[in-house]
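Visitor: Between the sequences and the hints, there should be enough to build the whole structure, so can you do that?
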Amino acid sequence: MDRKNTSPQGETARVLVEFLEVAITSIVFLKGFYPSEAFERRRYMNVVVHRARHPQLSGYIHSVTAGLLPFVQKGLVERVNVIFYDNEHVPVEKFIFKIIVNQSYNSKVEENDLEFALRAFLIKLTIAEPLTKPLPSGSSWEVTAYFRALPQDSSNKEARMWVPTDTKQWLQPPDITPIKSMSSEPLKVQLYLEHPNPSEPKNLGV
Amino acid sequence: MNSRSSSRAASNGPAFPSFSAPSGDSRKRSRNPPTTNPQRPLRSKTKAPFADFRSYMVEKNRKLRAQFQADATTSSLGAGSGHADSGDEKGIFHGVSIFVDGLTIPSSQELRGYMLKHGGRFENYFSKHTVTHIICGNLPDSKMRNLRAFSHGLPVVRPQWVLDCLAANRLLSCAPYQLGGLVNGTCKQQKLSTYFHHQGISSCNDARTTVNHDVKIDVDPKQLVLPPEGQCFRCDGPSGQASEELECMKVEKLYGEINANPESTDLEVKFSVPPASGVIPTPLSMINKSYMGHQKIHESLDSSVNCIGASNQVHSTLTDPNFVENYFKSSRLHFIGTWRNRYRKRFSNLLTGYKSSNEKTNCCVAKHKASIIHVDMDCFFVSVIIRNFPDLVDKPVAVCHSNNPRGTAEISSANYVARNYGVKAGTFVRDAKACCPHLVILPYDFEAYEEVAEQFYSILHKHCSKVQALSCDEAFLDVTGCDDDPEEIASMIRKEIEDTTRCTASAGIAGNLLLAYLATRSAKPNGQRFIPSEKVEDYLKDLPVMALPGIGYATYEKLKSRQIQTCGQMYMIPKEALQKDFGIRIGDMLWNYCRGIDNRTVEVVQERKSVGAEVNWGIRFNNLTDCHHFLVNLCKEVSLRLQGCGLQGRAITLKVKKRKKGAAKPLKFMGCGDCESVSRSITVPVATDNVVALQRIAKQIFASFHVDVKEVRGIGLHMTKLESSDISRKGHVDNALESWLSSSTVDTGKKSEQITCADKQCDNGGLPLPNGEPQSRCIYGSNQQDLGKSKSLCDSDTGYNCLPDKDARCCRSYEMRASALPRLCDLDIDVVKDLPRDIVLEMDDIYEGELSDLIRKSEKKGSRSSSCSSSVSLPNEDTNVIDGYIASGHVDSPELDLGAKDKGKLPVRETLNPKTVDPCRSKNPNKKAQVSVLENVKSVERTCLKIQSHNSCSRLNELHITSTMGPQQLMPASLSQADASVLEQLPEDVKADICGFLPVHRKIKVCKDVPFGFDVPNSVKHSSPWYTKSYLWLGSPPFWVEKFKISNSYFLNAIAMLYAESGKDILLSSILQSITPLLSSVSESSCEEYDEALHSLHEVISQYIVLKIGSDVEELYNCFCFLKRFSTVSKLLLRVYNSTLPLFQASMSEIYGGKLRLSVIREKPGEE
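Protein sequence lines correspond, in order, to chains W and A. Last residue of the first sequence? That's 207 in my numbering, and every number before it is there in order. Last residue of the second sequence? That's 2632 in my numbering, and every number before it is there in order.
Any given hint might turn out to be false.
Stated by the list, open to error - Straight-line Cα separation of at most 25 Å, DSS-like style, residue types lysine-lysine; simulated pairs: (1) Lys125/W / Lys2588/A; (2) Lys1888/A / Lys2129/A; (3) Lys1809/A / Lys1926/A; (4) Lys134/W / Lys109/W; (5) Lys109/W / Lys189/W; (6) Lys2163/A / Lys134/W.
What the hints assert, rightly or not - To list a few chain W residues with every Cβ distance to chain A over 12 Å, as calculated: (7) Arg43; (8) Arg80; (9) Gln104; (10) Ser105; (11) Asn107; (12) Ser108; (13) Ser138.
Just so you know, the hints here were simulated from the structure itself, not pulled from any lab data. Given the structure is predicted, the values throughout are model-derived calculations rather than measurements. Positions of the beta carbon are idealized from the N, C-alpha and C atoms, including for glycine.
Guide: Written out as structure tokens, the structure reads:
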């Protein structure tokens, strides 16, 4: 991480991206997507979290979150979704981080406050399991990010890492289960769950 | 791995379909589905006589017994008709109950007659509970082979026994009459009869004086002089102790289970003391008493029974024993181990008296040649027992807790006759039996040991002032400087010991401890030997190294591998070589010992280094609970021992023996087998003997081992770094938290503060408030830090928290309990709030609920006096505290979050709460008003619909909507006041509804004296629409708080108070959490107030949604969850919920493109 980046947004983005990496891993662990042996216990922000031991898995999560950094900093990232699909690649559950970074915030970032607020997410995540639904067999997962606007300079190497998603959409508005919200200037993060509406047609006419 | 590992970015947020009013969301929830289980009335069992065979038999037996009883009274004894020869009012067979099996001579009827005449009983049907003897002439082979199954452990006796008893006119042992077949029973016979000989004395003597009274026997497992081996005295032959087996089996079962509750095994057996007819109790006369076996006899009538009886009584009254206790009760090693304490107590005056004379004698050492006497009782554990059995003196006898000839109990001591057979201490009984088949095995008699040991030491102390107790039967005397010849002293002592205790002792006299010790060994048994200094070398030359103290198997094997067998050989080895091979200390020791050098002196008082308890036998756990239970008991034991010694320890070591991988079944029954030991210790800052602390630490250490509890074979807990409890008590004042705290507290509440802190601390550690016990607190190393922290908080703002003016009531309550509790205002609320909620509740209980008041008040962080909280009903405050706690944002522990989510729990409490009146049930007298309120709610819904339907409209429109729903009431008083443009755009049905409802509203308006509504502040009125939509939440405190405060509704006042007290950044959900106690007041309020409250709450929450929807859905969600929860008890909140939920859902779908899983709650029909 670029330590020299000392703008409040940069600082915030750094913390947030790091947090997202941990949180996404926690979510994947929480869902039991991989055997629990694939994770090891670690302490992050003084909370026991899990870290992927498999280099590919941790690499994926790291690259995704690290790839978000410049966009988070610019306030372009609206949501980061961790989506779990069934075997037909229809989303069955989405963990959504809704992120708002106040671009006009200029004072110094209280990193402690920020971490304190973010830590609550991790704690809450560890006990969020009952809120989630069991995964069907043959499921997969991925991380998608919703941008507020397309990255301006698409020549940018970082921007090119992101490809448009072809994630199927639900036809009905989903059910939302809020998990945690925080607000610590300049950052506002909300985590909630989305499940398909019970009236959602099972097979999207595929 | 994820195949789609490329991250994807959507160019835009997906277009969410816009949503119409969530009319489809009104999924009706049918709460409390009418699943009335038609309770089938239990078919009443008519108690027909003899409903089944069992009751028939019970009845029949009862009748037979009654008949028998009637016969008995008429026949002989009861009528006092004779049997003067028996000298026994109750007959010789009193307590005997026979069952006759098969053909007998004399016939069963004759036997019955005998029983009838002589106080016995005759059972027609066998039951192992009522029958004591089975009488039969012969048995079929199958029964013979499986005698136990047949007899149920009862003696199977030939009928001749009855006749012989009659002839002898006393109850003879049935042993010789037992139905034979197994030969080895005979040797057993003798053993067991002698076995309980000593026990018989008291009771038999007693029998002579007060003949034939009932003897109550408490079969109390703690009393059993039987180690937990559990296989005590299993008789395999048809010996006379078959009945014992029954008891033994029970006991065995008991011990087999570690957590057995021995209370259940308390048996009461009644039997008659045989008419001893003045004969010295012979083994035979005792045999029926041996039935009680190893159990102590407690005779309540016998005042002549000496200390044995007395101490038994103490034991028998003890209840709730457990394995650990039993184990140590019956452990010889434990007896020896703890003996020293008793010794020290007993001879404390002599021991301390010695101190002064120490210097003198030390001077003497220089002049005189040192002479040490080592006195050792000869096979102490055996000889103490057999002194009462003179006939056993020349027979091989061993002491062991179990007499099972095939058992793996270890013999603890054997007499010299037995030793000649090769029976040694530590031999398994079965091996001992193999090499000495007629070995007599006796159980321990700890009381006797205690007594003899005391006599022994009394004698030693009489003759010598410098006595070093090695064990209960072994001591060093330093007779240096005594005028008499050491040898003479020794023989005097020995003689006196023999006279007093009827046991012999041997003595060794030499120049130092080592040689005296060795001399005793060669002097044994019953002798003494003096090794003069010039003969030391000769003596040692051929002495096997194994004989030296301090040389065990390991060292011996090492020495053997170096061809060193005797001290003479070792003498040749240079010191350096020994040190190299065996380490400096042992090498030194060996070098010295083989030269007869021993620099130790006789030390009278030996410092105790550790206190502990260890159990390596019978440890089998099924699960962690078992194990914890055991640990708890072990800690109790250790704690008791510490307290017994007046010591406290700082280092706690837990040792766990776990089965080695692949270790075979232990050789010894329930033994530990091949084990590996792990141990770990924890040092606590302040010495403790507190059992709770020990338990906590023990469990902690145990958990850190991560061993499978099933593999655990032994557990030991030891305390080291001992301090005298007096010292540690004193030391505590200097360094303990309490004193530290007290120094920082200035006012008069000092003491009470300390106590509270102590209480808090105790609570943290789970201590049951050991109020005045300073040492108990300091265990909590970790807790201490926390407390330190919280306390420092507390110190920093004590001034602020002292609000004496605020709480007259608090102070009053304080005065009532002034001695124990600090004043409420002295409590640091920040600390209190951080405490776990159950503790807060407990404290709240102590303060009679005022604490929770204070907590809420403190959240205000101001000094306003409040009136509202006084209305809060007490029991509700519990939930209040919980809620408040959850709400206050301390989400450090997941548990709390769960609590917040756990909607199921709290409402239960609330509904159970008698003070929370369900407003739905309280009928409003004004039915019309009720109806109108309902209508009102509906209209509110409509208004929300309106808002939603206009979500896509221009800003201007939105402003319109808010102005309709905001400043005035939810519905305009008449259609004329409604915004025409809005109405225009409404769907037809909605429009119709509104029109339909309006007249009702007008009526409400009429009956309202004070029209209620918010006045939009001018500053806000013309600012941006967004602010207008949430103007109630502007400012600090928000605008609505002031509005609520001046409102007519008591409920709203209270909410405003809640907010004011809670501090400025409090979330609405937190306030909602704490309104539970206020709910009852809502129902009592008038209809206007009700309306006002409904409108205002709707308004505030609607604006809250607008305010928070973008940033904190969680908070909104929580609010709605609370509303939903309260909706069961408050119709007001139900309506508020129902009226605001559509807005919430609509906002959710607008911003988040989804809906929450909340639905409109249908009001209970028929309630209004």
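Visitor: Now tell me if each hint is right for this structure.
Guide: Verification of the hints:
A threshold of 25 Å between alpha carbons decides the hint, and for Lys125/W with Lys2588/A the separation of about 22 Å falls inside it, so the pair holds. With a C-alpha separation of about 24 Å, the suggested pairing of Lys1888/A with Lys2129/A holds against the 25 Å cut-off. Taking the CA atoms of Lys1809/A and Lys1926/A, the gap is near 17 Å; set against the 25 Å cutoff, the hint holds. About 40 Å separates the Cα atoms of Lys134/W and Lys109/W, which puts this hinted pair outside 25 Å; it is violated.
Taking the CA atoms of Lys109/W and Lys189/W, the gap is about 16 Å. The hint holds against a cut of 25 Å. Between Lys2163/A and Lys134/W the CA atoms are separated by roughly 36 Å; this puts the pair beyond 25 Å, and the hint is violated. Arg43/W, annotated as away from the interface, keeps every beta carbon of chain A farther than 12 Å; the closest lies near 17 Å. At the 12 Å boundary, the C-beta of Arg80/W falls inside the reach of chain A, the nearest C-beta of that chain being 7 Å off.
Chain A leaves Gln104/W outside its interface by the beta-carbon criterion, the shortest separation being 15 Å against a cut-off of 12 Å. Non-interface call for Ser105/W relative to chain A: holds, since the shortest CB-CB distance, roughly 15 Å, exceeds 12 Å. Distance check for Asn107/W against chain A: the nearest CB is about 19 Å away, which clears 12 Å, and the non-interface claim stands. The beta carbon of Ser108/W sits about 18 Å from the closest Cβ of chain A, which is more than 12 Å, so the claim that it is off the interface holds.
The beta carbon of Ser138/W is kept farther than 12 Å from every beta carbon of chain A, the shortest such distance being approximately 15 Å.
Against the hints set out earlier in the document, violations occur for numbers 4, 6 and 8.
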